[in-house]
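J.: In case you want the letters, here they are:
2 protein chains.
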Amino acid sequence: MPDLPPPLDTPLRTLLGPGPSDTHPRVLAALARPTIGHLDPEYLRIMNELQQMLRRVFRTQNPMTLAISGTGSAGMEAAVVNLIEPGDSMLVCVNGVFGGRMADVAGRAGANVTKIECPWGEVFSVDDIKAALETSRPKVVGIVMAETSTGAWQPIEEISRVVHEAGALLLVDVVTSLGGVPVEVDAWNIDAIYSGTQKCLGCPPGLAPVSFSARAMEVILNRRTKVQSWYLDISMLASYWGTERVYHHTAPINMTYALYEALRIVLEEGLDACFARHRQNHLALRAGLETLGIGMAAQEGHQLPMLNAVHIPPGIDDRAIRKGLLDRFNIEIGGGLGAFAGKVWRIGLMGHSSRRANVLLLLSALEQLLQEAGHAFEPGVSLAAAGKIYSAAAK
Amino acid sequence: MPDLPPPLDTPLRTLLGPGPSDTHPRVLAALARPTIGHLDPEYLRIMNELQQMLRRVFRTQNPMTLAISGTGSAGMEAAVVNLIEPGDSMLVCVNGVFGGRMADVAGRAGANVTKIECPWGEVFSVDDIKAALETSRPKVVGIVMAETSTGAWQPIEEISRVVHEAGALLLVDVVTSLGGVPVEVDAWNIDAIYSGTQKCLGCPPGLAPVSFSARAMEVILNRRTKVQSWYLDISMLASYWGTERVYHHTAPINMTYALYEALRIVLEEGLDACFARHRQNHLALRAGLETLGIGMAAQEGHQLPMLNAVHIPPGIDDRAIRKGLLDRFNIEIGGGLGAFAGKVWRIGLMGHSSRRANVLLLLSALEQLLQEAGHAFEPGVSLAAAGKIYSAAAK
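Protein sequences, first through last, are from chains A and B. Just so it is clear: in the first sequence, position 251 is 251 by the working numbering, and no numbers are missing. Just so it is clear: in the second sequence, position 26 is 26 by the working numbering, and no numbers are missing.
Derived by calculation from the structure, the hints in this document are not laboratory data. Treat each hint with caution, since some may be false.
[Unchecked claim] Derived BS3-like pairs (lysine-lysine); straight-line CA-CA distance at most 27 Å:
1. A:K323 with A:K343
2. B:K226 with A:K226
3. B:K139 with A:K226
4. B:K115 with A:K226
5. B:K115 with B:K139
6. A:K139 with B:K226
7. A:K115 with A:K343
8. A:K115 with A:K139
9. A:K226 with A:K115
10. A:K115 with B:K226
11. A:K226 with A:K139
12. B:K130 with B:K115
Can you build the whole structure from these sequences, using the hints too?
T.: What follows is the structure in C-alpha cells.
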C-alpha cells in the first residue's frame, strides 16, 4: 500500500517531562483487553469498583466521584461550568499557566472573574486569599494545587478555611498532584476537584477524575439555568454513574480499563508509600542537579516532588540539550511555558516514571550533554550525590 | 489485598449492538504501545498521518480535519458550539434520540432552536427542509445521517443544496455512518461533520473525528464572542493540529494510536469494499430475520446496513432474549431507546463486527432462544436464508 502511511510504530521513550508519564506495563495490558459495551453488567461492575478506588485516592466519601470522558482540561471545564451560572462571580488564583487557563474557562462560562496573581514559582498565602475575598465576595474560588508550569506546591487546607468562612465554594486543580502528594478532599473540605490520569496515576491521558461535595451538588442541582455543556453536565452524568445507569454518552471503555488497573496499582503500593517514593526520587534528583549548579525554580519549601522546574544554567542551549536527551537517550523532559520559556526545564518524576533508575539515567545523560556543551563540573558528581540519598534511605 | 477489587478481568463478548463494535485485534495491539509525549516529533508525525487518513475517510480536502479528545457526543458539541453564537438561529431535524440531543446542545449554546420532526424510523424529504427554511432562516441546519436509535438512513446531498441556497451552513452527524456507507464531505458540500471511533471504524470509544469546511472556518474565525468551551475551541485546536503545534491540552496518546491503526485497516480494505461488506452482511441478516417474522423498523429504502432496528415479535420478552444472548452466547445487541423502548432490538453490524461469522452466530442463537420462548418457525430457516445471500455473492 504505497499510498498509505507506514504501519504504526512508536519509539520507546522514558517520559520525564510534565506529563504524560510512563504508563505501567500492567496498565498497557489492561488497555488492550477486548472492548465490551458501556451498558454491559460487567462494565457497570468495573465502573462501580473504579469509583470506589477513586474515592480512596481522593480520600473522600463523595458519591459524585467519577471519571470525565476527556483529559484533565475537560475536568477543569466540567468543574467550572457545573458550578458557575452566567453572572456568578469567581475568584481565580493565577501563578502559572493553569490558573490562567481556569480564568479563561470561567470567563467563557459567563462568570465575572476576579484574578489575583503572584509571581510564577511562588504560592498564595492565606492572607492573600483573605484580602481578595473581602473585596470580591465570590461564589467560587479556584486554585491550582500543583502548578505544572512552575513546580510550585500550593497549600490548600488553610485556604479552604477562609474560603468557606467567606461562604464560597472551593474548586481545586490536582491534575499533577493526585497520587504524588497527599490530597484530602474531605479533610480539607474541597467542593470540586479534578485531576488527569497521565501524571502520578501512571495511566495514559484521556480521562479526568473529578469529585463534587454534597454542598457543590446542592448548588448544581438547584441551578436556574442548564449547564452550558451537555457533554459535561454532572447532573446527567450522575444518572449514568449512579444507580439508575441511564445512558448518557458512550464511555471510553478501554481507557476505563486502564484507569481501573492504574488505581489498583497505586492502592496496592499504598498512598503513603507512593508519596514517600515520589519524595525520595525528588530529593535524589535535586541533590544531583545541585552539584551541577542547577537549582529549583519554585519557592523554597513549596517545591513539588513530581514536577521539578529547574533553572537552565547560563550559556546552556535549552533546545539543544532537550533534543540531545530525546535523540540520543530517548528521554523526554519539558521546556518552560509562558514566562518560563527558555529559562527552565521541567523534569517530571510522576507515577511509574518516579523510579531510581530514571533519576540515575537522567543525571548520567545530562552530565554527558552538559560536559559536551562546556559546562564545568567533576564527572560523576551528580550520580554520587543522588546515590547518597538512596544509601541513606536504605539504612 | 482483601480490601481491593479483583484484578481487571473482562468478558469476551461479540458486540452486535448500537456501538461500541468489536475492536480489531490490531487496534488493541496499537492501544498497548508504550505512551510517548504529545509534543514528541514522532507523535506529531502520527498526528499528521492520522489527519491525512481522516481526510480520505471523510472524502475531504479540509485542512481543519482532526480528532476531538472525547467521544462522539463531544464531537457533536464541538461542531455546534464553534458555529453558534448566542442568539444565532439553528434548525435541527429530529427523528430520533440524536437529533433531539443536538437540539439540546444547540439550546445550551444559546441558539434560537427551531425543531422540525418526523416520525421515528422515517427520514426528512427535501421538501420538508425547504419548507422549514422558508420560515426560520437559520444560520445552521443540523441533521443526523444515521439515526442510531432507529436505523434510518437520511440522504444528505439534496438537502445540502437547499440548505446552501438558503444561505445556511450544514452540520451533519455521521457517528454511525462513517466507514459503513458513503460519506462525501466535499462532494456534498458539508460544512461541519462529526463522528465517533467505536462504530464502523472498529476502534474503542474515546475520540471524535471532525471536519470543518473553509466556509465554516471563516465563520468560526470571525466570531464576535469566544467559543463557550475552551476544551472544544476549534481555533485553539487548529494551532496544535496545524503547523505551529502550539500546546493546547494533552492529547489522548494511546487512543490516537488506536485510531491510526483503525483508519489504516479501513483504508487497506478500501472504502468501497468496506461499504460492500457492510451491505452484504446486512442483506444476509435481514433475509434471515425475515424468515423468523422479524422486520425492519426504519422506512423502506432508508434502512442503514450497519444499524438494524428490528421489530420484536409479538409475545416475545425483550429483556429475556437480550439477557439470554448475553449470558449464554456472550452476544450483545441493543434495546430500543425512547419511543422504541421495548418495541425494537438494535442489531449492529459495524466495522470489525460486520462479519459473516457474526451474522450466522446471531441467527443461530436467536433461533434457539425464540424457539424456547415458543415462537413458531422451521429450525434452521434463518441460516439457510442468510446462506443464500452469501452463496449468491460467492458466484
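J.: Can the restraint linking B:K115 and A:K226 be considered satisfied, given a maximum Cα separation of 27 Å?
T.: holds, 19 Å
J.: Would the pair B:K130 and B:K115 pass a check requiring their Cα atoms to be no farther apart than 27 Å?
T.: holds, 14 Å
J.: Decide if the proposed pair is consistent with the structure: A:K226 and A:K139, CA atoms, cutoff 27 Å inclusive.
T.: Between A:K226 and A:K139 the Cα gap is close to 17 Å, so the pair holds against 27 Å.
J.: Please verify whether A:K139 and B:K226 have alpha carbons no more than 27 Å apart.
T.: This hinted pair holds, its Cα atoms lying about 23 Å apart.
J.: A:K226 and A:K115 were given as a pair; does the straight-line alpha-carbon distance stay at or below 27 Å?
T.: holds, 25 Å
J.: Check whether the Cα positions of A:K115 and B:K226 lie no farther apart than 27 Å.
T.: At roughly 19 Å apart (the allowed maximum being 27 Å), B:K226 and A:K115 satisfy the hint.
J.: Would you mind confirming whether the straight-line C-alpha gap from B:K139 to A:K226 stays at or under 27 Å?
T.: holds, 23 Å
J.: With the threshold set at 27 Å, check whether the alpha-carbon distance from A:K323 to A:K343 stays at or below it.
T.: Between A:K323 and A:K343 the Cα gap is close to 16 Å, so the pair holds against 27 Å.
J.: Holds or violated: B:K226 with A:K226, Cα cutoff 27 Å?
T.: Holds, at about 19 Å.
J.: Verify the proposed pairing of A:K115 with A:K139, using a straight-line Cα cut of 27 Å.
T.: Cα-Cα ~14 Å, so holds.
J.: Between B:K115 and B:K139, is the straight-line Cα distance small enough, at 27 Å or below?
T.: Holds: B:K115 and B:K139 sit about 14 Å apart, inside 27 Å.
J.: With a cut-off of 27 Å on the C-alpha distance, tell me whether A:K115 and A:K343 pass.
T.: Roughly 25 Å between the alpha carbons, so the hint for A:K115 and A:K343 holds.
Taken one by one, the earlier hints all hold for this structure without exception.
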